[in-house]
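Novice: Chain residues, written in single-letter form:
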Amino acid sequence: MKLVIGIVRPEKANEVLEALYRAEVRGLSMSRVQGHGGELDRVETYRGTTVKMGLAEKVRFEIAVSDEFVEPTIEALCEGARTGDVGDGKIFVVPLERVVRIRTGETDHGAVTPVRS
Amino acid sequence: MNVDFGVLAAAKVDSGDTAWMLVATALVLMMTPALGLFYAGLVRSKNTLNTFMMCLAAIAVATVTWAAIGYSLAFSEGGGFIGGFDHVFLQDVTFAPREGSTIPHLVFFAFQATFCIITTALISGAVVERMRFGAFLLFAALWSVVVYAVLAHWAFGPGWLFERGTLDFAGGVPVEMGSGFSALAAALVVGARKDYGRQALLPHNAVYVLLGAGLLWFGWFGFNGGSGFNTGQNSILAFTNTLLTPACTLLAWFVLDALRGRRVTAIGAATAIIVGCVAITPAGGFVSPGFAMLLGVLAALPCYAVITYRTRTRVDETLDVLAAHGVAGFTGILFIGFFAQLSWNGIADGWAFGSLEQLGDQALAALAAPAYAFTVTYLLLRLIGAVTPLRATEHQEALGMDVIQHGEEAYVTGEGAILVTAEAGVDAEVPVVQP
Numbered sequence: 158m159k160l161v162i163g164i165v166r167p168e169k170a171n172e173v174l175e176a177l178y179r180a181e182v183r184g185l186s187m188s189r190v191q192g193h194g195g196e197l198d199r200v201e202t203y204r205g206t207t208v209k210m211g212l213a214e215k216v217r218f219e220i221a222v223s224d225e226f227v228e229p230t231i232e233a234l235c236e237g238a239r240t241g242d243v244g245d246g247k248i249f250v251v252p253l254e255r256v257v258r259i260r261t262g263e264t265d266h267g268a269v270t271p272v273r274s
Numbered sequence: 010m011n012v013d014f015g016v017l018a019a020a021k022v023d024s025g026d027t028a029w030m031l032v033a034t035a036l037v038l039m040m041t042p043a044l045g046l047f048y049a050g051l052v053r054s055k056n057t058l059n060t061f062m063m064c065l066a067a068i069a070v071a072t073v074t075w076a077a078i079g080y081s082l083a084f085s086e087g088g089g090f091i092g093g094f095d096h097v098f099l100q101d102v103t104f105a106p107r108e109g110s111t112i113p114h115l116v117f118f119a120f121q122a123t124f125c126i127i128t129t130a131l132i133s134g135a136v137v138e139r140m141r142f143g144a145f146l147l148f149a150a151l152w153s154v155v156v157y158a159v160l161a162h163w164a165f166g167p168g169w170l171f172e173r174g175t176l177d178f179a180g181g182v183p184v185e186m187g188s189g190f191s192a193l194a195a196a197l198v199v200g201a202r203k204d205y206g207r208q209a210l211l212p213h214n215a216v217y218v219l220l221g222a223g224l225l226w227f228g229w230f231g232f233n234g235g236s237g238f239n240t241g242q243n244s245i246l247a248f249t250n251t252l253l254t255p256a257c258t259l260l261a262w263f264v265l266d267a268l269r270g271r272r273v274t275a276i277g278a279a280t281a282i283i284v285g286c287v288a289i290t291p292a293g294g295f296v297s298p299g300f301a302m303l304l305g306v307l308a309a310l311p312c313y314a315v316i317t318y319r320t321r322t323r324v325d326e327t328l329d330v331l332a333a334h335g336v337a338g339f340t341g342i343l344f345i346g347f348f349a350q351l352s353w354n355g356i357a358d359g360w361a362f363g364s365l366e367q368l369g370d371q372a373l374a375a376l377a378a379p380a381y382a383f384t385v386t387y388l389l390l391r392l393i394g395a396v397t398p399l400r401a402t403e404h405q406e407a408l409g410m411d412v413i414q415h416g417e418e419a420y421v422t423g424e425g426a427i428l429v430t431a432e433a434g435v436d437a438e439v440p441v442v443q444p
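For the protein sequence lines, the chains are A and B, in the order given.
Position one of the first sequence corresponds to residue 158 (this note's numbering), numbered consecutively onward.
Position one of the second sequence corresponds to residue 10 (this note's numbering), numbered consecutively onward.
Don't read these hints as lab results, they were simulated from the structure.
Among these hints, one or two may not hold up.
Partner residues are not named here, just some residues of chain B that face chain A (Cβ under 8 angstroms, in silico) [stated by the list, open to error]:
no.	residue
1	THR320
2	ALA407
3	GLU417
4	GLU418
5	ILE427
6	LEU428
7	VAL429
Note that CB positions come from ideal geometry on N, CA and C, so glycine has one too.
Please model the entire structure based on the sequences and the hints provided.
Specialist: Below is the structure:
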């Protein structure tokens with residue numbers, strides 16, 4: 158099991174969700190974050206005060222998947238989030254020690270497998 | 010107390026009328042920022058400022074064009090189609106009353122200017138979230154003259170509809186149908202947003218929408234109540250009808266919402282307020298309070314239908330200016346032909362009270378105004394599009410118009426923002442750890 162963390166552009170979040178859905182990756186969390194990844198800074202001016210926005214708005218996906226889903230998840234993230242410009246984001250894959258589904262008490266592989274309805 | 014300025018022997022300025030018209034003018038001007046708030050709440054958060062700015066831009070641009078040439082083309086003697094150049098750059102617009110009125114000509118000019126402003130601002134609703142700000146400025150300047158001033162001449166000035174006896178109390182022809190059908194043309198020429206029909210594009214702040222609608226309604230008392238240019242009976246009737254009609258539209262909308270989705274929605278309610286105010290705009294001073302209430306209910310039906318239908322089409326007329334203004338204005342203009350009442354308005358009867366002729370005059374306006382507004386706006390935008398791009402690139406649209414067009418954000422947190430000092434300049438290295 159791995160935790161796939163994808164940090165993407167907010168305007169690409171919907172396309173990432175679509176790509177993940179097509180890849181049959183169902184369980185995920187999403188949060189708004191701010192970060193910096195080497196892209197050009199936006200310069201904004203508020204009543205004469207000029208500032209460089211060092212941090213850009215990003216969306217962070219956290220997806221816990223079983224091993225066979227790691228590659229499809231990464232591919233979906235890349236496909237949905239890529240524009241080709243600096244600032245498209247990054248994907249981090251980290252090992253997961255334990256997963257527990259709170260409702261049923263299922264652990265590990267069972268817990269990251271979506272419920273079939 | 011009447012003040013005689015002695016310029017025209019017969020015409021007198023009435024202080025009561027003038028006092029009311031000064032207030033009414035300020036009320037109508039307030040409607041444009043209110044519209045900005047209404048529109049800003051309906052778009053996504055990354056386009057908040059740009060949407061609001063289009064309304065403010067209309068104040069800037071349309072005021073200048075109106076003073077320069079628009080007012081003259083609309084309100085000076087000329088042909089039936091368009092006025093002349095007698096009042097270019099406010100020539101002869103002074104303290105003396107305009108012929109047939111009891112308020113200074115300057116007040117009349119300012120009051121009419123606020124109408125031109127809000128009508129120009131209304132069209133922005135069709136093109137928000139994608140149209141370039143510069144292109145919109147150019148469009149606003151030209152549209153306020155070639156479409157608004159012409160339609161205002163037809164309906165208010167000594168134009169052909171006015172001379173025929175078509176009744177339009179506060180601007181069903183130039184303001185409501187003018188903006189609504191121009192908006193449709195603008196949406197067709199500029200094209201849909203790139204995400205339209207593929208993603209849910211939701212209003213980002215419903216409270217702005219409700220507050221904006223509330224302020225618009227408040228301002229509309231000046232809009233309709235002031236359109237008699239005095240404190241006479243027609244003005245009083247229009248004022249009170251501006252309370253009655255939107256309230257009935259609101260109730261009717263509640264019922265329609267409940268029938269369709271089992272819930273009464275807030276954004277629907279805000280829309281209903283606008284629809285009701287628009288519907289009573291042309292009819293305000295001509296129909297009895299009872300029929301004004303009927304109009305409120307009737308106007309809800311076609312507008313609700315058009316809004317529901319429009320979202321299923323490929324036409325991204327984003328904020329439904331056509332439904333809320335064009336269709337509601339059309340309904341109000343025709344309604345006069347049926348239910349105008351001589352005993353209330355002292356001018357003419359509608360069909361229900363024996364005069365079929367009035368309905369013919371109203372129908373003519375209801376056909377001519379949309380046709381003119383749509384055609385000329387379509388051609389005008391094609392022309393502007395040939396000179397300068399009308400819309401931002403897809404990439405810019407994705408980032409949001411606030412940052413791209415204005416270099417600002419509506420909900421900026423300031424975290425990670427580095428002050429650019431004059432010495433360092435904007436090219437200075439930003440002390441952020443590079444990954």
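Novice: Hint by hint, say whether it matches the structure.
Specialist: Quick rundown of the hints versus the structure:
1. THR320: Hint violated; THR320 of chain B Cβ to chain A Cβ min 18 angstroms, cut 8 angstroms.
2. ALA407: holds (4 angstroms)
3. GLU417: Check passed: Cβ of GLU417 of chain B comes within 6 angstroms of chain A, closer than 8 angstroms.
4. GLU418: holds (7 angstroms)
5. ILE427: holds (5 angstroms)
6. LEU428: Where the cut-off is 8 angstroms and the nearest Cβ of chain A is about 6 angstroms from LEU428 of chain B, the hint holds.
7. VAL429: Nearest chain A Cβ about 4 angstroms off; hint holds.
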